[in-house]
Amino acid sequence: MVAAAARKIRDGELVFVGMRLPMIAFALAKRTHAPGATGLFENGIIRDTPAPTLLYTMGDPPNLSGATFCGDMISVMSLLQQGRVNVGFLGAAEVDRFGNLNTTWGWRNGEPVRLPGSGGACDIACLAQRTVVILAHDPQRLVARVRHITSPGNGDGGGWRRAHGLPERSGPSAIITTMGVLRFDEDGEAFLASIHPGIHVEEVLRNTGWSLRVADDLIVTPEPSEDELGVIREIDPNHFWTKT
Amino acid sequence: MTGAAVSKIVSMQQAIGEHVPSGSSVLMGAELEQMIPFSAGHEMIRQGRRDLTLVGPISDILFDQMIGAGCVSRVMAAWVGNASSGVGYCFRRAVEHAIPNAIETVDYTNFTLAMALHAAALGLPFLPTYAALGSDLLKSNPNLCEFVSPVNEDRMIAVRALQPDVAIVPVQRADASGNSHLWGNLGVAIDGARASRKVIVVAEEIVSPEVIASDPNRTLIPGFLVAAVVHEPWGSHPAPVQGYYGRDHAFFAEYHEESRKREDFERWLEHWVLSVPSRADYRKRLGESRTTGLRVQEHSFTAPADFGF
Numbered sequence: 000m001v002a003a004a005a006r007k008i009r010d011g012e013l014v015f016v017g018m019r020l021p022m023i024a025f026a027l028a029k030r031t032h033a034p035g036a037t038g039l040f041e042n043g044i045i046r047d048t049p050a051p052t053l054l055y056t057m058g059d060p061p062n063l064s065g066a067t068f069c070g071d072m073i074s075v076m077s078l079l080q081q082g083r084v085n086v087g088f089l090g091a092a093e094v095d096r097f098g099n100l101n102t103t104w105g106w107r108n109g110e111p112v113r114l115p116g117s118g119g120a121c122d123i124a125c126l127a128q129r130t131v132v133i134l135a136h137d138p139q140r141l142v143a144r145v146r147h148i149t150s151p152g153n154g155d156g157g158g159w160r161r162a163h164g165l166p167e168r169s170g171p172s173a174i175i176t177t178m179g180v181l182r183f184d185e186d187g188e189a190f191l192a193s194i195h196p197g198i199h200v201e202e203v204l205r206n207t208g209w210s211l212r213v214a215d216d217l218i219v220t221p222e223p224s225e226d227e228l229g230v231i232r233e234i235d236p237n238h239f240w241t242k243t
Numbered sequence: 000m001t002g003a004a005v006s007k008i009v010s011m012q013q014a015i016g017e018h019v020p021s022g023s024s025v026l027m028g029a030e031l032e033q034m035i036p037f038s039a040g041h042e043m044i045r046q047g048r049r050d051l052t053l054v055g056p057i058s059d060i061l062f063d064q065m066i067g068a069g070c071v072s073r074v075m076a077a078w079v080g081n082a083s084s085g086v087g088y089c090f091r092r093a094v095e096h097a098i099p100n101a102i103e104t105v106d107y108t109n110f111t112l113a114m115a116l117h118a119a120a121l122g123l124p125f126l127p128t129y130a131a132l133g134s135d136l137l138k139s140n141p142n143l144c145e146f147v148s149p150v151n152e153d154r155m156i157a158v159r160a161l162q163p164d165v166a167i168v169p170v171q172r173a174d175a176s177g178n179s180h181l182w183g184n185l186g187v188a189i190d191g192a193r194a195s196r197k198v199i200v201v202a203e204e205i206v207s208p209e210v211i212a213s214d215p216n217r218t219l220i221p222g223f224l225v226a227a228v229v230h231e232p233w234g235s236h237p238a239p240v241q242g243y244y245g246r247d248h249a250f251f252a253e254y255h256e257e258s259r260k261r262e263d264f265e266r267w268l269e270h271w272v273l274s275v276p277s278r279a280d281y282r283k284r285l286g287e288s289r290t291t292g293l294r295v296q297e298h299s300f301t302a303p304a305d306f307g308f
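Top line first, the protein sequences correspond to chains Z and D.
In case it helps, numbering that gives the first Met the number 0 puts the first sequence at residues 0 to 243.
In case it helps, numbering that gives the first Met the number 0 puts the second sequence at residues 0 to 308.
Hints are computed from structural coordinates only; laboratory data are not their basis.
Computed from a prediction, not measured in an experiment: that's the story for all the values here.
Computed footprint of chain Z on chain D, listed as stretches where at least three residues anywhere in the stretch have a Cβ under 8 Å from a Cβ of chain Z:
1. 146-156
2. 184-198
Just so you have them, the derived chain D footprint on chain Z, three or more residues with Cβ under 8 Å:
3. 38-47
4. 75-82
5. 106-117
Every residue gets a Cβ at the ideal spot worked out from N, C-alpha and C, and that includes glycine.
Make the full structure from the sequences, and use the hints.
Structure (structure tokens):
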């Protein structure tokens, strides 16, 4: 999952990194195929080098030390609104067939559960050129329709984003799960583009909350290389974030 | 004695007693995950504040603790929880079951909350943005209003200016008048201080005005905005202060477990807040080995900048 996420970062890009697994993915990309990528953090940090140690939050002292820039939130998030940010990473409690995200309201045993909320996720989903969602593959989490749109994807299909005034060059690009990678077609709906090694298509379909379309040219996600695994182990030796 | 600076240094007890009455709106956690004024929040809990409106983009576990202690009736935030462990259990209990009391939540995104404070800092009634278009936040937050731009006919969001009653801002060092040096990620601290009616600065160190004037680019809060200066080393623990101490990750993980059930949270609150009269006592409770482990292990000083002429 982390290796698949890292591969979504191209060399030289401006990347909104976020928390948790994407922090590892950014560090991995920097040390492998995308040494020229720049990391942006909404608390006001810009980094040309990955932080030297594992981060628990983006405000940990090792993420500030040796940064290229430390300033305020607006000076970093305004880069999103200008359309300069190539890719942003997001997690979510729920994602739906059109890539809309919910991190505000969950549901457990028939009762609503209040989740932490947007943070910067909605801003990134609205304004980054491409957004990549990372979450565990589970029918409770990949749902036909999210209960609350915290962060908009393609709404209810193609054309929805433009109709709501969102920038032309923005929107969901991929959903990376523990089973595969989903991408989006012209009408804004997610389809299965690649499955991770050892996973069967039926398993993916059974664990998705809508009838997921499968690409004609479905591929198997390339396994992480020894180099990539080595870097991941080095960054997160105790598997704090890379449990799966 | 014309122009002599009057010292604004007071104890945390005095600062909260005088400047943060029940019913106030209070900006905290403006620097996001670093420099969160835990000692100020704990003093509000001890002084029994009620009906507070908490304002902050993310607040890590401070807002959760204050909600659990019954100080809060409204939260205006982008994210409320535990940054390294996930949900905030006190926040959940209050929203889902009105325990210990019901709270109103006004959900923002980080950028729209920053814009709300920036608008107030600029003296404007609102600022326009494309962020949050299409989101369900627009249905519940009355301070995010869709409109059509008069200059290009784009659909946009007007973010209403937000002026907290008081901003509580931890800084690395301040002089007695409140002129403050802070460094690291700044989040919404500068706008937050300018937007608020009053500012309380919580300083790790008090320095002379000459130290402040030696590096004016680092003076991010001018003293005339500041109502009170509190000298409180370790005031942000378990959040980090760059150059002073690191983040106590274990404390956040322990709080996550110890706040899962209401009765456990009450024990936590008694142990870490109610039975601890001052920050010095809090440090004793943390213990020497814990604070030693959090101190800066390897200093990294900036290159000097020449202000000579």
